[in-house]
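S.K.: Residue-level listing of the chains:
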Amino acid sequence: MNRELPKPLQDALARQTAGEVHPSPDLLTAFAEHSLPNRESQRVTDHLAKCADCREVVFLASSAVEEPVGEEPEWMPADAISRISPVLRAKLKTGVAGAGLTHEQSRRSWMLRWAWAPVVAAVLIVSGILYQQSSKFTPAAPAMIASKGVPPANEPSQTLPAVVPVPESKTALQLPRPVAKSAPAQANQARAADTLAAAKIESSASADYSSTSRAGATPATPSLAAGAVLGGVLKYPSTGFSTQNSFAESEASTGSNLVAKSQPVVANPQMARQVVSAAHRQWRISPEGHLEQWSASGNWTRALAEQPITFHVVSLVGENVWAGGSGGALFHSSDGGHNWSKQPLAGETGAIVAIRFSDAMHGMVTTETGTLWSTLDGGVTWTKE
Amino acid sequence: MASAPASGPLSTQVSAVVVEFAAQHYPDSGAEQFEIDQAGLAEILCGAVGQWDCTAEKSGVRGFLTLLRLDELVLARACATGNERAWEVFLNRYRATLYESAYKIAKEESAARALADSLYAELYGVNDKGHQRTSKLLYYQGRGSLQGWLRTVVAQEYVNRYRSTRRETSLDAALDDGHQFAAVEPDISATDPRVESAVTEELAALEPEERFLLAAYYLDRRTLAEIAKLQRVHESTISRKLERVTSSLRKRIRKRMMQAGMSARQADEAMQDVDVRDLRVNVGQTLRQGTPNSAFYKQKSGNG
Numbered sequence: 001m002n003r004e005l006p007k008p009l010q011d012a013l014a015r016q017t018a019g020e021v022h023p024s025p026d027l028l029t030a031f032a033e034h035s036l037p038n039r040e041s042q043r044v045t046d047h048l049a050k051c052a053d054c055r056e057v058v059f060l061a062s063s064a065v066e067e068p069v070g071e072e073p074e075w076m077p078a079d080a081i082s083r084i085s086p087v088l089r090a091k092l093k094t095g096v097a098g099a100g101l102t103h104e105q106s107r108r109s110w111m112l113r114w115a116w117a118p119v120v121a122a123v124l125i126v127s128g129i130l131y132q133q134s135s136k137f138t139p140a141a142p143a144m145i146a147s148k149g150v151p152p153a154n155e156p157s158q159t160l161p162a163v164v165p166v167p168e169s170k171t172a173l174q175l176p177r178p179v180a181k182s183a184p185a186q187a188n189q190a191r192a193a194d195t196l197a198a199a200k201i202e203s204s205a206s207a208d209y210s211s212t213s214r215a216g217a218t219p220a221t222p223s224l225a226a227g228a229v230l231g232g233v234l235k236y237p238s239t240g241f242s243t244q245n246s247f248a249e250s251e252a253s254t255g256s257n258l259v260a261k262s263q264p265v266v267a268n269p270q271m272a273r274q275v276v277s278a279a280h281r282q283w284r285i286s287p288e289g290h291l292e293q294w295s296a297s298g299n300w301t302r303a304l305a306e307q308p309i310t311f312h313v314v315s316l317v318g319e320n321v322w323a324g325g326s327g328g329a330l331f332h333s334s335d336g337g338h339n340w341s342k343q344p345l346a347g348e349t350g351a352i353v354a355i356r357f358s359d360a361m362h363g364m365v366t367t368e369t370g371t372l373w374s375t376l377d378g379g380v381t382w383t384k385e
Numbered sequence: 001m002a003s004a005p006a007s008g009p010l011s012t013q014v015s016a017v018v019v020e021f022a023a024q025h026y027p028d029s030g031a032e033q034f035e036i037d038q039a040g041l042a043e044i045l046c047g048a049v050g051q052w053d054c055t056a057e058k059s060g061v062r063g064f065l066t067l068l069r070l071d072e073l074v075l076a077r078a079c080a081t082g083n084e085r086a087w088e089v090f091l092n093r094y095r096a097t098l099y100e101s102a103y104k105i106a107k108e109e110s111a112a113r114a115l116a117d118s119l120y121a122e123l124y125g126v127n128d129k130g131h132q133r134t135s136k137l138l139y140y141q142g143r144g145s146l147q148g149w150l151r152t153v154v155a156q157e158y159v160n161r162y163r164s165t166r167r168e169t170s171l172d173a174a175l176d177d178g179h180q181f182a183a184v185e186p187d188i189s190a191t192d193p194r195v196e197s198a199v200t201e202e203l204a205a206l207e208p209e210e211r212f213l214l215a216a217y218y219l220d221r222r223t224l225a226e227i228a229k230l231q232r233v234h235e236s237t238i239s240r241k242l243e244r245v246t247s248s249l250r251k252r253i254r255k256r257m258m259q260a261g262m263s264a265r266q267a268d269e270a271m272q273d274v275d276v277r278d279l280r281v282n283v284g285q286t287l288r289q290g291t292p293n294s295a296f297y298k299q300k301s302g303n304g
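Protein chains in written order, with the numbering used here: chain U, 1 to 385; chain F, 1 to 304.
Simulated from the structure, these hints should not be mistaken for laboratory data.
There could be a bad hint or two in this list.
Stated by the list, open to error - Quick list of the computed label-pair ranges, beta carbon to beta carbon:
hint: 1; chain 1: F; residue 1: Ala121; chain 2: U; residue 2: Gly298; range: 30 to 38 Å
hint: 2; chain 1: F; residue 1: Asn92; chain 2: U; residue 2: Arg302; range: 50 to 58 Å
hint: 3; chain 1: U; residue 1: His22; chain 2: F; residue 2: Ala114; range: 21 to 29 Å
hint: 4; chain 1: U; residue 1: Ser297; chain 2: F; residue 2: Ser11; range: 18 to 26 Å
hint: 5; chain 1: F; residue 1: Gln13; chain 2: U; residue 2: Thr383; range: 46 to 54 Å
hint: 6; chain 1: U; residue 1: Arg302; chain 2: F; residue 2: Ala121; range: 44 to 52 Å
hint: 7; chain 1: U; residue 1: Asn299; chain 2: F; residue 2: Asp37; range: 47 to 55 Å
Yeah, the Cβ is synthetic: ideal placement off N, Cα and C, and Gly gets one too.
Just chain F, same shape as in the assembly (with noise of 0.2 Å):
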């Protein structure tokens, strides 16, 4: 039988209360339906407990059990162990989950469906020598539900794929491509130490979610919507949390700057959208860059 992913040993008083909590829930658990029972569903969700904190309260393990997916744990715990029928359940209410979300992150059928079979053929847990059974839905907790787990999985796999297979490109494609591989430049910009520490120390004192935030708009990207949708929220709230962040983070960081000895100037400069210390443009290559066949040198040539 496959077993769970390790997990730290549970004290007395913990287990005693996973075991209450199975007995009471067992009949809504649908565990009876796969045939596992209520010591069975016990050790699954000490198996979730361990896997969350093995060195829980008592009082939190209960609230941590109350939030759990029951179900869908015991949904997955039962496919992993190959029972007929809950794999039966499983693809009724998963499998077009599964090839629709991969269709919607690779946007591309052939790949949507060679990622949703590789990682299908994962879930039912035939490894490579095709010896042992480890399904990957062992890794599953409860925690959030199966749909969405699956689709974090799907995502997970995509963007490890995209990576592994990013690095397989080859260079003569690329370079068919015109792609141009520059040589790269050593960083020649100084940055005032004072700058530094004043944007990082502001930075660590902003709260979690406004990191967040500045990191998914500001460097990933990602648009308004796409953060909303993420956040249950409106469009306009994340605009408007983001003006105010960045806003105020600008604000503190120039006061910073002065309280370390800039002076105003200095540190409006050092805050300026776009710094011209920054743009690395080399004047001479510029200039000279198509100036042999111009006509003026043709004329001139001419002339001459």
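The following block holds chain U by itself, in its conformation from the complex (with noise of 0.2 Å):
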């Protein structure tokens, strides 16, 4: 792409001055993180664009920010790995103390420690499969020798049998061609075999966390499960008010439908891309306001686009998508997205700005103009507080 401006519009550019008030280190850190409100955001856009000390200073603290292990970047918040282990991060500091290691050293040590994880992963999916799969067959063995046994009398007796004995390796083998089901129940086994490969990896990520807490780690774990984006991507829960006890103390008294049970957060990057692949849950406010999915075929797909709305905040709660934007629009999908319902807040005009739910029942809403609504009952009723 060229580099060069017309050099007159270059020279304007350059003229451009922002006055002698800068934003202050911590407006730049929320225009960055895109927590700001539209509003304080174009404000500091506007300053940012005039200031080039401001552009600097925020383009180098983005530089700093940590890169996400892995081969899909996009899937790991920048802060995780710092976020959830904490021992990672002593382990680092006495690495590169004691062994004169770069932080790249270290890191790259740490990741070669850690794989075997996505390799038991794996394993466990192929085992949960197998199982599956075994458990699938086993009754068709006495009918297959039923079949051989006594074979109809208008068959000579050397005919293949109809259904081909294969050894359990070898059916675990031959997945995509279950012989005698029919095609919706292929498709159920399939569904079932990912829900299990899921459980599998999910029991083994929450046990991985777990291990981490254990080792005297304290994560910044979310209290509030429901993670809100504002303008992006909407990977893991926002870290809300968290502390330790308080996750702990909520995870016993909610019980399962809790976002953090879920999508637990994990010591392993390949596992939280599996965990969260695996629960198709990728939902981000586009840079042009349109809500949009994740799809299997690996591209973003919109979302109510049929809706004259631009969309500020998308926020999930399980199965539960909940989408606010201009006008008080607030949408709601208990399917992960497949059938949407408008929800009432009765009069409201201003764009949705914030949701959080604590839980699929108990939710609050924020619009631009500081208006709170909160739903008791799973958006059923918004009351106005």
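Reconstruct the complex from the two isolated chains, following the hints.
M.R.: Pasting the structure below:
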């Protein structure tokens, strides 16, 4: 791409002055993290367009953001490693001080140490599928033996049986062609296998997380389960008001509806990626203000495209997806984005800028004017506060 | 006790909202473990609201408070007041971040360590005289994450230091490095006021984000990847946006120049990527360079 602007334009761009007052580091951080309301974000952007110093600070700080480890960086939040694993950080420190390793070397050695984890996960998946398959195929054996033992009168005794006996191990390798199953049954089986695989990954991931915790870690974990994102990809529950104790308490008291449980924060980024991809829960608000979901085909698909709304925020609680945008529009899907219903916020015209749910039933919505709406029944009724 | 940066007084109504919010969120804030009571939490929040907008409306304040990183704000304030438990938590969570960020920004081990150490001292709040303890953490207002704030503060410190040390570069060292200090030439190129007016007006008409993109890419020479990372979009999105902005901007400037009475050719010349009138080439000096010692002259003088 051509890097040259016409000189008069370049000069005019450079001549822009921002004045003496600069945004505080606090504001610049919130800007970089996309957590400012639109109006303030515009103001900061306007300043940055004019102020080379502040631009330099923002880009430098952005360059220092921890790069996620893994093939697809967008699956992990930038600060996930440092948030979830103080043990890792401690090891990094000792590694750097003790062995004279660089940070990159330490990280690489950490990755090598955890290289077995994806292998274990893969073994668990395969064994789960094997188990599933073997249990499905067992009833077929007696039938096959019967047909073999008592052949029909009109068939010659040397005729091959209708169902060819296959060794159990071979059956597992031939997953795509379960012989005696109809198409829906195949689909069900595939879904069951996926679920089992996901469950296996999640359970192993949870185990990893708890072992990290037991090792003396103090991870920053979400106490409010729902994560909300303004203009970004929703990958993890937001940290919200979090302490380790509050997480433990909420986990004990609110049961299994928490996203934190269904999408555990894990020590191994590969596992986290698989957990998220298994759940198919990638949502984002595009820069154009569209609500988009990451589809299995590998691209972002627009949801609620027919709505003439600029979306600002999307939030997840389990299978429940909440999306809010301009004109007080709030939409809810209880099935992961297949069916949507518009939520009744009577007379609300301010754009929705934040959605927070502590579980599927209890949540709060904030508009740009600061109006708060809350629900105690999963969005059936909303009360203005 | 260290106090937060001065903020304007809040109206009674706004204070009431803050107190109510503090009471509602006190259990979640983690304030109790740092020996901060509800009134203390309300005071912290009042400070944050005052720093944000002390004339804010009641309804706006609620939204502002909801978006605050309450637990991190509480931790920062507890550290600033010298709470040992808070420092323990802070060090566990953020010490590595501080040093890693410094390393990534300074890109050199000793400079990074010096940068992080000095900042750490400022965060702890020991000034040069050692009398008064004013922690830098008091300036954290909970708008973004504490981790992100630390990165920004490190970056800011680095930029300040770089500037100050850059000014200290000795002339001798620069000359030894082969640097040449040319006299500043007066700007003799006269820009057509119609061009300047068209460019300035059209630039001002752009959205802030578009101007930011242009400045980051064309002035600062940031890569598409760097801009995309900051904006959390794909590089191709930034590339497309830049293409769109620059092409439409050129067209609009050209149109405006023509409306101001310039011919199409003049407008095109003014907007060419490299304007020959801006090339300050000293033809005489360039032609003279090296000629006295050239083979031609030697040969000629030998013959003569």
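S.K.: Against this structure, judge whether each hint is valid.
M.R.: Hints, verified against the model:
1. F/Ala121 x U/Gly298: 30 to 38 Å: violated, 49 Å
2. F/Asn92 x U/Arg302: 50 to 58 Å: Given a distance of about 42 Å, which is not inside 50 to 58 Å, the answer is violated.
3. U/His22 x F/Ala114: 21 to 29 Å: holds, 24 Å
4. U/Ser297 x F/Ser11: 18 to 26 Å: violated, 54 Å
5. F/Gln13 x U/Thr383: 46 to 54 Å: Hint violated: Cβ distance 21 Å, outside 46 to 54 Å.
6. U/Arg302 x F/Ala121: 44 to 52 Å: holds, 50 Å
7. U/Asn299 x F/Asp37: 47 to 55 Å: For U/Asn299 and F/Asp37 the Cβ distance comes to about 52 Å; the hint holds.
Consistency with the previously given hints fails for numbers 1, 2, 4, 5, ordered from lowest to highest.
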